Every structure is written in structure tokens, then in C-alpha cells.
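Participant: These protein sequence lines are chains A and E, in that order.
Quick note on numbering that gives the first Met the number 0: the first sequence kicks off at 0 and runs consecutively.
Quick note on numbering that gives the first Met the number 0: the second sequence kicks off at 0 and runs consecutively.
Note that these hints are calculated values from the structure, not bench results.
Here the structure is a predicted model, which is why all the values come from computation and not from measurement.
Beta carbons are placed, not taken as given, at the ideal position from N, Cα and C, and that holds for glycine.
There may be inaccurate statements among the hints.
To be verified - Computed footprint of chain E on chain A; a stretch qualifies when at least three of its residues, placed anywhere within it, have a C-beta under 8 angstroms from a C-beta of chain E:
hint : stretch
1    : 112 to 120
2    : 123 to 133
3    : 180 to 188
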Amino acid sequence: MLDLDLFLNYQDSIIKGILMTLRMSAGGIAGAMVLGLLLFILSRAGGFWTALLYRGYVTLFRGTPLLVQLFVVFYGGPHIGLEWSAERVGLVGLALYGAAYFAEIFRSGFEAVPKGQIESARDLGLSRSQIFRVVLWPQIMARSLAPMVGQSVILVKESSVLSIITVAELTNVAMTIANQTYSMMEPYLVLALVYWAIAISIARLGAVFESRLTHYQAG
Amino acid sequence: MSHSHAIELNQVHKYYGEHHVLRGIDLNVEPGEVVSIIGGSGSGKSTLLRCINFLEEYSSGEILVKGQVIGYGSKPAGESYRLPEKVIRESLRDVCMVFQQFNLWPHMTVIDNVASPLRLVKGVSRPLAREKAMGQLERVGMAHKADAYPGQLSGGQQQRVAIARALTMEPSIMLFDEPTSALDPELVGEVLGVIRDLAQAGMTMVIVTHEMGFAARVSDRVVFLAEGLIEEQGAPEQLFQAPKSLRLQQFLASWNERQSGSSLPAGIAVAQEVEA
């Protein structure tokens, strides 16, 4: 049987863990989106070195595990004078890691816009920034929203990796409870339920935005 | 400079890498003149048009619009350099292009497609831009679809909206890049009708087209391009009824063959068809 008293005993740390998971995820996702957008703009700036920098960044952060990236900064950082708290390493790590994926999402959204639309805008005299803002960005957003929702859910789940570098988020709390009480079922069941609830909430939120952004495609 | 040409091309060359697409084009278009450019695929006709509004950079020679060189400036020492995009677009304000694929912006309604360039480029207020846009939509018979999205329109309707969008910028020169090639046959007529009205209103136009009958009817002059050079040009009746060069004769013959049933002169036969 499930031991419900366990939840009451550890109520405070569970709630703190949930809040920490939400904080890490939300901060990580927001940071990843902003940084991903900047990376995408960098990739569009043209020029050999920016293209190389972009490719290098994306392959590096998508080609190595998040856990390894966190280890490098958390345990390697102090050797170069970077003494960040576990939370800060976690937030920055999630943002850097997610940015590589978001940048690629924006880029493929851009690639999907027929280039003739840019030509007609140029011909009519729109400036580069107007073309981006008025012609491209709304379409990039419309095409990117579904994959952005998916990536956000992945980042929430990946935030569980932060438990390994001692961030007291939900997975870390659950492991602690399991270690202290030898109950495996209850803490991990709660853990799964909370991640699932967050994932569903993000998907619902995304669906609302998506119907607003893509109404023109309805035909 | 004293020339009054609307468009002037002097020895224009264009390379794509090794590929020599335009091999020295000399062409003048006078104000109010309608010039059609015909030729087989790969003859360079679309490239020529796209060089005029600088969607393609020409490699050498010069292109002038109303006496002003497009795309390049020259340093005191004589060598030329590419002007900033902003300056180029400024010098092309009088030129608008209509594309084969319409190139409307699918996330904006028809009225926003037509009104927003005026607002963004010329700083016209929103209400005035909409008013002018509605005027041009009426002119092409699309005012009733002002609130529709491009994806809800037929190809012919989209092309008419694209023409209205260009007209709203009040150009004195319009370039048409195969404006009916992407349309189903039954939709071609409505677009050609709009272009014909523009010709009658005195708009300077350069039209790249495969519609020989239409070219014969609306053009003051037809230019036949082959392998990046002007092979032959002249008044439509002369060009279609008495083609001089072998290449043009072959081109018209093979075009005529595809329009099975009609006989030479091909252009004139279809012209009557369009009229009916």
C-alpha cells in the first residue's frame, strides 16, 4: 500500500522541490528562447565566422550530454575562477543547452518561408529589419510553436539532471526521501506525476498560442 | 545626363559562377512604352528583369532607371562599388515587380498585404494607406476579398492582389515576371485583363511572358531573347508575322505546335482567343 503519511512528513521539502523545478525550468526555457533567438539572428547575419560560430555552438551543445556540460561548469569552473552556485550553473546550463535547440527550431521555421516573399518585400522597399519583423517573424513563430512546446517539455524533464549537481529540485528531493525512508514507490510516483502535470500544462498553453498564430493557415 | 529613357541597359552582362547568362544586353524602354520579352527557358529573360530591380546583381555594364545608375556607385578613381541596399531601394522606388509566384505574405489579410508596404516604406498613416489600398483593390476587382487571407484565394485572385500591392506604391514602371505562368489556364484571362488596363492607362511596363497572343496585343515592342542576347526585336506584328532570324522562327514554330490547332502567326490567333 501507498504510505500517504510520507507526503505529510516531507510536505515542505516536496513543495520546495516542486518550486525549484518550476524555477529552473521556467528560467532555463526563457533563457534558452532568448539566447536561441540571438543565435538564430547571428546565423542570419551572414559571413563566414558567424556561420562557423553558430555551427560550432549548435554541434557542441547538441552533441554532448547536458550532464557532462553541467559537470564541466560546476566542477571544472572553480579551476578557472568560476565559483557558481549549483542553482546558477543549473539555470545557465539549461539555457545554453536549450538555446542550441531553439535556434535550430527558429532556423528551420525561417527556411520554410518561401524566399520569394522576401524578394517581393525588398522590391516594395521594406528595410531588412522591417522584412524580418513584419514578413518573417510572424511566420517563423507560427511554424516554430509546436516544436518549441516539445522542446520546452524536454527541458523540464532534463531539469531533473540538475539533481546530480546538488540542486534541490524535485528529483533531488525524491531521491533524498527514498534514501531516508527506503520507500521507493511513493516519492518516485509523485515525481512522475508532477513532471507529467507540468508537461500537460505547457502543451495546453502552447495549443492556445498556436491557434492564435496559425489561424491564417486554416484556409 | 540628358536621356529621358525610363529604363536603359548598356552592355549588361550577368554571370552565375561560370555560367554566362546575359551576354551584353542593350535595351532602352521609353516612358509609357510596353515591352514584352519572350524567349525559351534559360534564355535569360527573367534574369534580365530581375537585374533591373536589382534582385540580381549584374556583373558588368550598367542599368539606369530614369537616368540614374542602379546598384553601383563609382569612386573618384573610377572603379565601381555596390551601393547599400537602402540606397538601391530608394533609387528603385518608381519600379515595382509582379512575380510568377505572386509572393503575397500568407499571414496577412489582403488589405494588410496591400496597405502595409505603403505604411512601412513611405510612412503613410494607417487609415490613408488602407484607403489607397482599397482604391487599388477596386481597380483590380478584388475589394470584396479585402479581409480574406491569400491562402483562401485562387491563383488569379492572388496575382491581382499582388498587382494592387505594387500599384499602391504608385510606381511609374512595372516589371512582370511571367505573371500568368503559375496559373490554371482558366484564370489567365483575368490577370491579363488587369495588365491590359494598365497598358491602356499609360504605365511603362516590361513583361516577361509566354503568352504570345497577349504580347502581340498589348506590347508596343517585343524583344526576343536567345542565349543571353537580344536576337531580334520590333513591333509585334512585324516580329510575329515576319520573324527574320532562324531562332525566332523556330521558337514561334515550336510554340505554335504546342498550341495545337492554331496556325501561324501564332500570336495573332491567340490574341483573338483572349479577346473573345
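Participant: Check the structure against each numbered hint from earlier and tell me which ones fail, lowest number first.
Facilitator: The structure breaks only hint 3.
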